[in-house]
Amino acid sequence: MTEKVIKIAADFSRTPAGRFPEDGAYCGENFREEHLVPALKIYDTVVVLLDGTRGYGSSFLDEAFAGLIRKSGFRKKDIESRLKVKAETLAFKRYRDIVEKYLSDADSEIADQ
Amino acid sequence: MRKLCPRFKTWLIKRANNEERRRYSRVSKTSGRGGVSAEEWRRNTEIVQQRLTKLHGKKIMPPKNFCLDENYENVVSLIYQLKESLNVFLELSQKRRKQFVRQFKFHENYVDFTNIERITPAAALLFAAEFDRMRRLSSLPIYAVDLDGWNPNVRAILAQLGFLRLLNVSEEKIDTVNFSHGAVNVLKFATGRKAQGTAAEPIIDALKPLFGTAEVVETAGLLLYEGLSEAMTNVAHHAYPAKYNYEFPPAMGRWWLTGAHDPENSTISVIFLDQGITIPVSLPRSNMKELARDYLQKAFNIIPGRSDRVDDAQQIAAAMHLNRSSTGALGRGKGLPEMRELIDFFPRGRLRIISRRGEYVYEKGRDPELKNYEGSIVGTLIEWEVSY
Numbered sequence: 001m002t003e004k005v006i007k008i009a010a011d012f013s014r015t016p017a018g019r020f021p022e023d024g025a026y027c028g029e030n031f032r033e034e035h036l037v038p039a040l041k042i043y044d045t046v047v048v049l050l051d052g053t054r055g056y057g058s059s060f061l062d063e064a065f066a067g068l069i070r071k072s073g074f075r076k077k078d079i080e081s082r083l084k085v086k087a088e089t090l091a092f093k094r095y096r097d098i099v100e101k102y103l104s105d106a107d108s109e110i111a112d113q
Numbered sequence: 001m002r003k004l005c006p007r008f009k010t011w012l013i014k015r016a017n018n019e020e021r022r023r024y025s026r027v028s029k030t031s032g033r034g035g036v037s038a039e040e041w042r043r044n045t046e047i048v049q050q051r052l053t054k055l056h057g058k059k060i061m062p063p064k065n066f067c068l069d070e071n072y073e074n075v076v077s078l079i080y081q082l083k084e085s086l087n088v089f090l091e092l093s094q095k096r097r098k099q100f101v102r103q104f105k106f107h108e109n110y111v112d113f114t115n116i117e118r119i120t121p122a123a124a125l126l127f128a129a130e131f132d133r134m135r136r137l138s139s140l141p142i143y144a145v146d147l148d149g150w151n152p153n154v155r156a157i158l159a160q161l162g163f164l165r166l167l168n169v170s171e172e173k174i175d176t177v178n179f180s181h182g183a184v185n186v187l188k189f190a191t192g193r194k195a196q197g198t199a200a201e202p203i204i205d206a207l208k209p210l211f212g213t214a215e216v217v218e219t220a221g222l223l224l225y226e227g228l229s230e231a232m233t234n235v236a237h238h239a240y241p242a243k244y245n246y247e248f249p250p251a252m253g254r255w256w257l258t259g260a261h262d263p264e265n266s267t268i269s270v271i272f273l274d275q276g277i278t279i280p281v282s283l284p285r286s287n288m289k290e291l292a293r294d295y296l297q298k299a300f301n302i303i304p305g306r307s308d309r310v311d312d313a314q315q316i317a318a319a320m321h322l323n324r325s326s327t328g329a330l331g332r333g334k335g336l337p338e339m340r341e342l343i344d345f346f347p348r349g350r351l352r353i354i355s356r357r358g359e360y361v362y363e364k365g366r367d368p369e370l371k372n373y374e375g376s377i378v379g380t381l382i383e384w385e386v387s388y
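In order, the protein sequence lines correspond to chains Y and U. If you read the first sequence in this note's numbering, its first letter stands for residue 1, the second for the next number, and so on. If you read the second sequence in this note's numbering, its first letter stands for residue 1, the second for the next number, and so on.
Isolated chain U, as found in the complex (with noise of 0.2 Å):
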């Protein structure tokens, strides 16, 4: 192909660049059109151009220690981080979104795992469920770098958990990773919408002969697929109202659930997760506000509405004792207390919900504890851990 001559390359650009200047110089001339003026035009590139660099030139370095329960406020900030730089992706228009793409720098922008020296079961499907959501919305490539510089303890969780499969990482690289070296064993993880009893199946059987006895496997088993069959009833009907203004636009419907095992401190954990609205918000919003307000009067000294605010681990509380659910249907609701049962058939064991900013955490014979974070996981979680 012939080289083009400076001349000609100059004569085309501004060939190019008039062109533009015409085609945006008429439609503001066009009434009741929406036109566009030349100088929205301007500024509008400038935004454009502001954000594509938000995007570029970024490494994102995760906590070392990415826990829930040890370093919550990090391993969150994280999340809103992956959260907010998708958001930026998804406003530009399809041919801004091809040319990021396009020139996307993989070997500067990328979350940097090798940071990572220990990563617990939530957090990890919490890692999972964000990049799941980034793979289900964006055509943004999304590649695991330096994968022999991860620790291999976290490396093989997230293995185990099936991350490695959405960071597209092959079948044959995940082969070779060393699945034994991890003390705790993570299952893969599971996902869909609506109420799917099959996908809870195979964490089930997977945890069931570790509980003990027949006799105690059997109701186990019970116990745990009630929780996550009410669980995925709760999210098709509380989580994702299609009439809300999300921060974060997400994949409707979609939960996330995993099991671990941990033999060394002889627990098993079960974890499922949502990315909807949270317990905070859907509860006030219901015809479930009278019941929810009596609650918080009794168990709180709270009147809701007056200069008392409701924080998000008592809204949790509430939903957590109530007998219905925030539709407020007759009969409707009975599935978050019931949660707790799979805690309280076990001689220790504990039952976690962390939904927006809030924590409820119920151990069986103790009073359930509240509290409260300054940053927001943006969805529900539910874990429940039992020692056998």
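Extracted from the complex, chain Y is given alone in its bound form (with noise of 0.2 Å):
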């Protein structure tokens, strides 16, 4: 089993924001196209660590997590077991649970489309 591992802070941004290219290069879909989806495509298993960023707006994390369903093609029940989002401090651990809620809810909008 392949594993990858993606620090947030360190691989990609400390102050991520926005969502589009146009909002800035730390976008959400940026991380999403450049880090999430290539690794998701070579690799059994991707860990994505939340801590050490300046913090999240919703729009960052919406795209980011949520574009891999509503754009990127995935369902939630593929990438539910290989996709592991985890967040060390206690701060951050309230992201880790926003991100969950984020991938339901788009899988929700997708399946009643």
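Hints in this document: simulated from the structure, not taken from any laboratory. Note that the structure is predicted; figures quoted are calculated from it, not measured. Treat the hints with caution; some may be incorrect.
[Stated by the list, open to error] Calculated lysine-lysine pairs in the DSSO-like style (CA-CA distance at most 27 Å, straight line):
{"no.": "1", "chain 1": "U", "residue 1": "Lys64", "chain 2": "Y", "residue 2": "Lys101"}
{"no.": "2", "chain 1": "Y", "residue 1": "Lys93", "chain 2": "U", "residue 2": "Lys364"}
{"no.": "3", "chain 1": "Y", "residue 1": "Lys7", "chain 2": "U", "residue 2": "Lys208"}
{"no.": "4", "chain 1": "U", "residue 1": "Lys371", "chain 2": "Y", "residue 2": "Lys93"}
[Said to hold, decoys possible] Listed next, with one range per pair, are the computed distances between beta-carbon atoms:
{"no.": "5", "chain 1": "Y", "residue 1": "Glu100", "chain 2": "U", "residue 2": "Met252", "range": "35 to 41 Å"}
{"no.": "6", "chain 1": "U", "residue 1": "Pro202", "chain 2": "Y", "residue 2": "Gly52", "range": "15 to 21 Å"}
{"no.": "7", "chain 1": "U", "residue 1": "Arg285", "chain 2": "Y", "residue 2": "Gln113", "range": "23 to 29 Å"}
{"no.": "8", "chain 1": "U", "residue 1": "Phe131", "chain 2": "Y", "residue 2": "Glu33", "range": "56 to 62 Å"}
{"no.": "9", "chain 1": "Y", "residue 1": "Glu80", "chain 2": "U", "residue 2": "Ala242", "range": "21 to 27 Å"}
{"no.": "10", "chain 1": "Y", "residue 1": "Leu90", "chain 2": "U", "residue 2": "His321", "range": "27 to 33 Å"}
{"no.": "11", "chain 1": "U", "residue 1": "Gln297", "chain 2": "Y", "residue 2": "Arg75", "range": "53 to 59 Å"}
{"no.": "12", "chain 1": "Y", "residue 1": "Glu100", "chain 2": "U", "residue 2": "Met61", "range": "55 to 61 Å"}
{"no.": "13", "chain 1": "U", "residue 1": "Gly253", "chain 2": "Y", "residue 2": "Lys84", "range": "36 to 42 Å"}
{"no.": "14", "chain 1": "U", "residue 1": "Arg285", "chain 2": "Y", "residue 2": "Glu80", "range": "36 to 42 Å"}
{"no.": "15", "chain 1": "Y", "residue 1": "Thr45", "chain 2": "U", "residue 2": "Arg285", "range": "42 to 48 Å"}
{"no.": "16", "chain 1": "Y", "residue 1": "Lys77", "chain 2": "U", "residue 2": "Glu363", "range": "50 to 56 Å"}
[To be verified] With the C-beta cut set under 8 Å, the calculated list includes, among others, these residues of chain Y facing chain U:
{"no.": "17", "residue": "Glu22"}
{"no.": "18", "residue": "Asp23"}
{"no.": "19", "residue": "Gly24"}
{"no.": "20", "residue": "Cys27"}
{"no.": "21", "residue": "Ala39"}
{"no.": "22", "residue": "Arg54"}
{"no.": "23", "residue": "Tyr56"}
{"no.": "24", "residue": "Ala111"}
The beta-carbon is built from N, C-alpha and C at its ideal position, and this holds for glycine as well.
Combine the two chains into a complex, taking the hints into account.
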């Protein structure tokens, strides 16, 4: 089983913000397309560590993670066992729960269409 | 250089006038080129002269209490005056603008800051943003007049904010300003376009230590970053559509940001501002109309589009409660409601959003308060204020 660990703060940016490239270089879409999607295509398991950034706006998290389902063609059941979103510090754990909610919401929206 | 004799001078003036008349006469005879008749030319010249007169001989007096809480209408009235003056200038041709700048009498035409006795950080940022916009859009020279006559508290706040640099005050002169005079400490404003997370870092880092224990500091810093990055993202997506008839041409895509600490009242505030089309304009134009309508009907018993008029404060309230943004795309627009999270984290705090003429104020544990004003802030101002 191959595993890839992505630390957002070190591998992408300490100040992620925005949804689309026109919002800024460190947006959710860029993170998804440059890090998450390629990793999910190559590795059996992808671990994303949320700690260490200045924080996450909802736009970034939604586009980065829920975008896997809305735009990149994944379904929640496909990535449930393969994508592990983790936070080691208490302050960042709430973001892990938020990502989980966004993934579920996106999956429901796609299922309703 | 030899002085012109009166006869030769008269001859030169007559020749110049005749040249101009002949030039416009040639243009008016040219078909399909949008030529201007001599009569139209004379009328246009009169209009230009009237506009130039409007700009000259004006000393603008700001209100003594420059505070949005206590003196909103007078503060925005001043900002409006500045915007109208810049509009007049921008309508001039390049040639006329240069003529105006050459003839500009700085000792007669300026904003008289000596009149201000009190200024709050939010109102100061509104002021600074307007001067920054003027600087970016025009070659209009802006200077500080009678700096030593300004109220020391006001001067200190504006100096800390970085406002004096907009007025071309030298670094040497700024260094002589007594920064400790003011009771409120204000941070130098940041400005940018797009969602620039790095721009918020100095503000957050300066204020974080004041929040309390290490645990509180960490979470508060994260929540503040969330709110600010969402505010920046909202500006990038909604505030400055390219195809819009702006009453006052904006510095497209731009936002301004500052923070302040009031040790006497134990409060910390962060203020974010844009000069875009505002929430009351962007929300009803969007695919979110049906969701907004549902909310307005439930909350205020209003059905927009019938005889009921939705006011600006109600539009802001609707935006705060919708789960999607004005663009209507699935999953977007979770940003505005989460701006309350920082306020909910502290024992006491206030989130204030002023957009166009509406004001929405949220305090923890209370129903939001809505208010509408006569004057428009011509943009959106978001202020987080927490007590520690």
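Now for the hints, and whether the structure bears them out:
Note on Lys64 (chain U) and Lys101 (chain Y): the hinted pairing is violated, with a Cα-Cα distance of about 50 Å set against a maximum of 27 Å. Taken as a hint, the Lys93 (chain Y) and Lys364 (chain U) pair is honoured in the structure, with Cα atoms around 23 Å apart against an allowance of 27 Å. In summary, the hint linking Lys7 (chain Y) to Lys208 (chain U) is supported, as the alpha carbons are separated by about 24 Å, within the 27 Å threshold. The hinted pair formed by Lys371 (chain U) and Lys93 (chain Y) fails the criterion: a straight-line CA distance of about 37 Å is larger than 27 Å.
The supplied range of 35 to 41 Å is met by Glu100 (chain Y) and Met252 (chain U), whose beta-carbon atoms lie about 37 Å from each other. Separated by about 19 Å at the C-beta atoms, Pro202 (chain U) and Gly52 (chain Y) satisfy the suggested range of 15 to 21 Å. Roughly 25 Å separates the CB atoms of Arg285 (chain U) and Gln113 (chain Y), a value that falls within the hinted 23 to 29 Å. At about 40 Å, the CB distance of Phe131 (chain U) to Glu33 (chain Y) disagrees with the hint of 56 to 62 Å.
About 41 Å separates the C-beta atoms of Glu80 (chain Y) and Ala242 (chain U), a value inconsistent with the hinted range of 21 to 27 Å. Hint check: Leu90 (chain Y) to His321 (chain U), Cβ distance near 29 Å, so the stated range 27 to 33 Å holds. Between Gln297 (chain U) and Arg75 (chain Y) the beta carbons are some 36 Å apart, a value that contradicts the proposed interval 53 to 59 Å. As the Cβ distance of Glu100 (chain Y) to Met61 (chain U) is approximately 57 Å, the hint placing it in 55 to 61 Å holds.
Gly253 (chain U) and Lys84 (chain Y) have their C-beta atoms about 37 Å apart, which keeps the hinted 36 to 42 Å range intact. A hinted range of 36 to 42 Å holds for the C-beta pair Arg285 (chain U) and Glu80 (chain Y), which are about 38 Å apart. Distance hint check: the CB atoms of Thr45 (chain Y) and Arg285 (chain U) are about 45 Å apart, consistent with the given range 42 to 48 Å. At about 43 Å, the CB distance of Lys77 (chain Y) to Glu363 (chain U) disagrees with the hint of 50 to 56 Å.
The criterion of a C-beta within 8 Å of any C-beta in chain U is met by Glu22 (chain Y), whose closest approach is roughly 7 Å, and the hint holds. Annotation: interface hint on Asp23 (chain Y) holds; nearest CB of chain U at approximately 4 Å, less than 8 Å. Checking Gly24 (chain Y) against chain U: minimum C-beta separation of about 4 Å stays under 8 Å; hint holds. Taking 8 Å as the C-beta contact cut-off toward chain U, the hint placing Cys27 (chain Y) at the interface holds, the least distance being around 7 Å.
Interface hint status for Ala39 (chain Y): violated, as the beta-carbon distance to the closest one in chain U is roughly 22 Å, over 8 Å. A least Cβ separation of about 4 Å between Arg54 (chain Y) and chain U falls short of the 8 Å threshold, and the interface hint therefore holds. About 7 Å separates the beta-carbon of Tyr56 (chain Y) from the nearest beta-carbon of chain U, less than 8 Å, and the hint is met. For Ala111 (chain Y), the interface hint is violated, since its Cβ never comes within 8 Å of a Cβ in chain U; the closest pair sits about 12 Å apart.
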